[in-house]
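Put chain B on the given structure of chain A with help from the hints.
This is what each chain is made of:
Protein chains: 2
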Amino acid sequence: MTPNTNYANLKDSYLFYNIAQKTKKYLEEHPGTKLLRMGIGDVSLPLCDAVIKKLHEAVDDQSEKGSFHGYMPECGADFLREAIAEYYGKRGVKLSSDEVFVSSGASDELGDILDLFGRDKTVMIMEPAYPAYVDANVMAGNTIIHIPSGMENDFLPSPDDSLNPDVIYICSPNNPTGAVFGKEALKEWVDYANKKDAVIIFDAAYEAFIEDNSLPHSIFEIDGARACAIEICSLSKTAGFTGTRCGYTVIPSELTRGGMNLNSMWVRNRTTKTNGISYILQKGASAVFTDEGQKQIHRNIDVYKENARMLMRALDELGIYYTGGHNAPYIWMKCPDGCDSWTFFDKLLNEIQVVGTPGEGFGKCGDGYFRFSTFSSPEDTMEAASRLVKLLKK
Amino acid sequence: MTPNTNYANLKDSYLFYNIAQKTKKYLEEHPGTKLLRMGIGDVSLPLCDAVIKKLHEAVDDQSEKGSFHGYMPECGADFLREAIAEYYGKRGVKLSSDEVFVSSGASDELGDILDLFGRDKTVMIMEPAYPAYVDANVMAGNTIIHIPSGMENDFLPSPDDSLNPDVIYICSPNNPTGAVFGKEALKEWVDYANKKDAVIIFDAAYEAFIEDNSLPHSIFEIDGARACAIEICSLSKTAGFTGTRCGYTVIPSELTRGGMNLNSMWVRNRTTKTNGISYILQKGASAVFTDEGQKQIHRNIDVYKENARMLMRALDELGIYYTGGHNAPYIWMKCPDGCDSWTFFDKLLNEIQVVGTPGEGFGKCGDGYFRFSTFSSPEDTMEAASRLVKLLKK
Numbered sequence: 001m002t003p004n005t006n007y008a009n010l011k012d013s014y015l016f017y018n019i020a021q022k023t024k025k026y027l028e029e030h031p032g033t034k035l036l037r038m039g040i041g042d043v044s045l046p047l048c049d050a051v052i053k054k055l056h057e058a059v060d061d062q063s064e065k066g067s068f069h070g071y072m073p074e075c076g077a078d079f080l081r082e083a084i085a086e087y088y089g090k091r092g093v094k095l096s097s098d099e100v101f102v103s104s105g106a107s108d109e110l111g112d113i114l115d116l117f118g119r120d121k122t123v124m125i126m127e128p129a130y131p132a133y134v135d136a137n138v139m140a141g142n143t144i145i146h147i148p149s150g151m152e153n154d155f156l157p158s159p160d161d162s163l164n165p166d167v168i169y170i171c172s173p174n175n176p177t178g179a180v181f182g183k184e185a186l187k188e189w190v191d192y193a194n195k196k197d198a199v200i201i202f203d204a205a206y207e208a209f210i211e212d213n214s215l216p217h218s219i220f221e222i223d224g225a226r227a228c229a230i231e232i233c234s235l236s237k238t239a240g241f242t243g244t245r246c247g248y249t250v251i252p253s254e255l256t257r258g259g260m261n262l263n264s265m266w267v268r269n270r271t272t273k274t275n276g277i278s279y280i281l282q283k284g285a286s287a288v289f290t291d292e293g294q295k296q297i298h299r300n301i302d303v304y305k306e307n308a309r310m311l312m313r314a315l316d317e318l319g320i321y322y323t324g325g326h327n328a329p330y331i332w333m334k335c336p337d338g339c340d341s342w343t344f345f346d347k348l349l350n351e352i353q354v355v356g357t358p359g360e361g362f363g364k365c366g367d368g369y370f371r372f373s374t375f376s377s378p379e380d381t382m383e384a385a386s387r388l389v390k391l392l393k394k
Numbered sequence: 001m002t003p004n005t006n007y008a009n010l011k012d013s014y015l016f017y018n019i020a021q022k023t024k025k026y027l028e029e030h031p032g033t034k035l036l037r038m039g040i041g042d043v044s045l046p047l048c049d050a051v052i053k054k055l056h057e058a059v060d061d062q063s064e065k066g067s068f069h070g071y072m073p074e075c076g077a078d079f080l081r082e083a084i085a086e087y088y089g090k091r092g093v094k095l096s097s098d099e100v101f102v103s104s105g106a107s108d109e110l111g112d113i114l115d116l117f118g119r120d121k122t123v124m125i126m127e128p129a130y131p132a133y134v135d136a137n138v139m140a141g142n143t144i145i146h147i148p149s150g151m152e153n154d155f156l157p158s159p160d161d162s163l164n165p166d167v168i169y170i171c172s173p174n175n176p177t178g179a180v181f182g183k184e185a186l187k188e189w190v191d192y193a194n195k196k197d198a199v200i201i202f203d204a205a206y207e208a209f210i211e212d213n214s215l216p217h218s219i220f221e222i223d224g225a226r227a228c229a230i231e232i233c234s235l236s237k238t239a240g241f242t243g244t245r246c247g248y249t250v251i252p253s254e255l256t257r258g259g260m261n262l263n264s265m266w267v268r269n270r271t272t273k274t275n276g277i278s279y280i281l282q283k284g285a286s287a288v289f290t291d292e293g294q295k296q297i298h299r300n301i302d303v304y305k306e307n308a309r310m311l312m313r314a315l316d317e318l319g320i321y322y323t324g325g326h327n328a329p330y331i332w333m334k335c336p337d338g339c340d341s342w343t344f345f346d347k348l349l350n351e352i353q354v355v356g357t358p359g360e361g362f363g364k365c366g367d368g369y370f371r372f373s374t375f376s377s378p379e380d381t382m383e384a385a386s387r388l389v390k391l392l393k394k
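Heads up: the sequence lines are chains A and B, in that order. Taking this note's numbering as reference, the numbering of the first sequence is continuous, increasing by one, and the terminal residue is 394. Taking this note's numbering as reference, the numbering of the second sequence is continuous, increasing by one, and the terminal residue is 394.
Rather than coming from a laboratory, the hints here were simulated on the basis of the structure. Watch out, some of these pointers could steer you wrong.
Residues from chain A shown here face chain B by an in silico Cβ test under 8 Å; the list is partial [said to hold, decoys possible]: (1) L10; (2) F117; (3) D135; (4) I145; (5) G258.
Quantities reported herein were computed from a predicted structural model and do not represent experimental measurements. By construction, the Cβ of each residue, glycine as well, lies at the ideal position given by its N, Cα and C atoms.
Just chain A, same shape as in the assembly:
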């Protein structure tokens, strides 16, 4: 028996491994040094009180016969699906709760969702991109159209009519660039997908970081999106759920392709391939969507946003081009003096003990750029920003 030979086509993912090796070596050669870690995509603030309270209540429910919950509905508990639909409603996006599917998180869902599309699909991925988009499609044996972006379009590419994708990935606010599609630019993609009979997978994991009220949080704020888009969302960055796990996916009831309804297909997928998401986690997640929960998570997001402002002030002072920061937890800067991204990584590590992420790890067109995450502590971020200015000021 030959297993899935597509796995042999995967490139080894050296990005985070290389970063780990380089920092390890540095620390061995400079014992006792404190590194300022601006590379991590993981949050540093704990879960908010409203979530903690609900999690404890849910654990208590599981300890008593009368309140114990066994198998949950595979597509999500009604209480959470309804809370999420209401959350969309507050921004004017009308969803029925059975268009909302509770998931273990966006990364899990981004892998699983490809099952809907079957074989031999042509998939369009805008780069620089989250590496798992590419890898999941290589594993599925799909053909990938890489769409590079750059300073010329502020990392927000436009559709190309000569191409014919079946599936289009859009991540906005973007990881790693922090760039966000405006409503008009996103409408172009929606119209393109409908014209090409394609489906957009819209990764909205960072929507809660949007400050500018004119920018769309959801693709379903755009006319025509209900006929072409699936939205995948996460509580990881929004509410600090990276290690707690819960997310959600929206598939409109009228989304059909080839005469098949994708919402019904996903119901069938979930009822076959899962037994639902933990009652405890769903209860905890439901607290995020209460008024109190929203207030509390935004207090945490504000801490990260202040980190972003420190880094942006440094880059502004240095006159360095960057995207992100305002409406996203990432800042994507141009490496100075035409430096490539790994050389810049080494320079920051060796000279100012700051660790970031080389842009080349997110696709070839990312070389020459560098990603800062804003999820570190305010103290470390302030120190990193100040060292950056000292190092690069001419």
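Only chain B this time, still in chain A's reference frame:
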């Protein structure tokens, strides 16, 4: 774009829908009647104290900066992988912790694992079977060889050398029949898989219900299994995790097919397609493998086993053929007088208000049989057993 057209080949799963419709109708026509539900595969006893305590501690960890856990390792936390490897060790099965993968549960994993095998595989499924085995493979476009079993082999079929499967599903203790493969019979399957270059997916979800010490809990108790088997396990029935969710999968480090190592492939799959299992759930699950946790979960299992004994006594008194009950939480009985399984369902519902599961729902060869679950309350089970005797005694 045409989505996954294999979904169009799925048969509608009417089993649990039909049961729900029939019981609903009965209750509408007989308001106030109490039905004795012996059909459910869900547990009724709450989580044990050791698990509850650890879950609360883990929630507290998530509330403080110093103890907060972000992204977990994608293949599972070391503390849980090691605890599970030790659990196998106590039965003489030596595993390295990196052969253990923590999952969201067996049903999630049974769906995901097919990604390892790629396209156009020939999959052998022994029937009667858990319906998701068939459905997940229909979705993947695989060819299914249905292997019927029956009274002639006590629902434990032997390998057929004329067939050439790529993947073989074995569920032992079995759902729905409760039949368990002995070591010699399982060795035949292991040798067959190795000879045929096939991979066995061994579903061990009910291993904790085995009483007979001569029966294997794990396929890795059998010589040769490390060269051909993946074992998928669950805490759902063992520790009441149906609504809490956590399970594990074992892929031996030397399992290779077509020159590709399946353990390494699964590491790549998990690191691409998941961000790990919730810290809270993994902490809770770790309590199951402590001495105190094992004592507590076996107290619950003993309650279900007493239920099984009540039902078995009734069937023995009636002289009815059945499998299961001794080493499994299911009892699979022959419907009396050549009755088909839906007619017998109606008879029990209408005449003694007992709800079970018609065997036909688990595959054609299940017709004429009926499944009782032992997860109901002792009171309801005792009453159901007594009514069964009264109804069928000649």
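Inset, instruction - If any of the earlier hints don't hold here, list their numbers in rising order. - result: 4
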